[in-house]
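When you line the sequence shown up against our numbering, it's residues 1 to 111, in that order.
Keep in mind that a hint or two might mislead.
To be verified - Straight-line C-alpha distance at most 30 Å; calculated DSS-like pairs for lysine-lysine:
{"no.": "1", "residue 1": "Lys29", "residue 2": "Lys94"}
{"no.": "2", "residue 1": "Lys94", "residue 2": "Lys30"}
{"no.": "3", "residue 1": "Lys30", "residue 2": "Lys99"}
In case anyone wonders, no lab produced these hints; they're calculated from the structure.
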Amino acid sequence: MFGHLSALTGLFTGGIGNIVGPLIIWQVKKDTMPFAASEAKEALNFNISWLLWTLILVALAFILMIVFIGVLLIPVIAILGIAWVVFSIIGGLKANEGKPYRYSLTIRFIS
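Model the full structure from these sequences, guided by the hints.
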C-alpha cells in the first residue's frame with residue numbers, strides 16, 4: 001500500500017517524491033516483503049511512465065503553441081494530473097486489500 005501512496009509525496013516535493021518514494025520502499029522491502037516490493041516496483045514503473053507521458057505532452061504542447069493549437073493540450077495535462085492521483089489511490093486501496101494492482105499505460109522499466 002505504501003509503495004503506491006508514497007508516490008503522492010510528489011504533490012509536496014515538486015514531483016521528486018513520485019519516483020523516490022516507491023523506489024525507497026521497493027529497495028527496503030524487496031527481500032523481506034515480496035508483495036510490498038512488487039507493488040512498490042509497479043508504482044515506480046507507473047510513475048516513471050507517467051513522467052515520460054507528461055513530458056511528451058508538454059513538449060507537444062510547446063511545439064503546437066506555434067500554431068496556437070497547443071493551448072488545447074493544457075486541459076489534457078490537467079486531467080492527466082488528476083488521473084495520476086486517482087490511480088495512485090486506487091493502487092493503494094487494492095494493495096491494502098492484498099490484491100495486486102497493475103496500472104494501465106505503464107512501461108515496465110523495472111521487472
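Now the hints, each set against the structure:
Annotation: proposed proximity of lysine 29 to lysine 94 holds, straight-line Cα distance about 18 Å (limit 30 Å). Pair hint lysine 94 plus lysine 30 holds up; C-alpha atoms about 19 Å apart against a cutoff of 30 Å. At most 30 Å may separate the alpha-carbon atoms for a hinted pair to count; lysine 30 and lysine 99 meet this at roughly 17 Å.
Hint compliance for this structure: no hint is broken.
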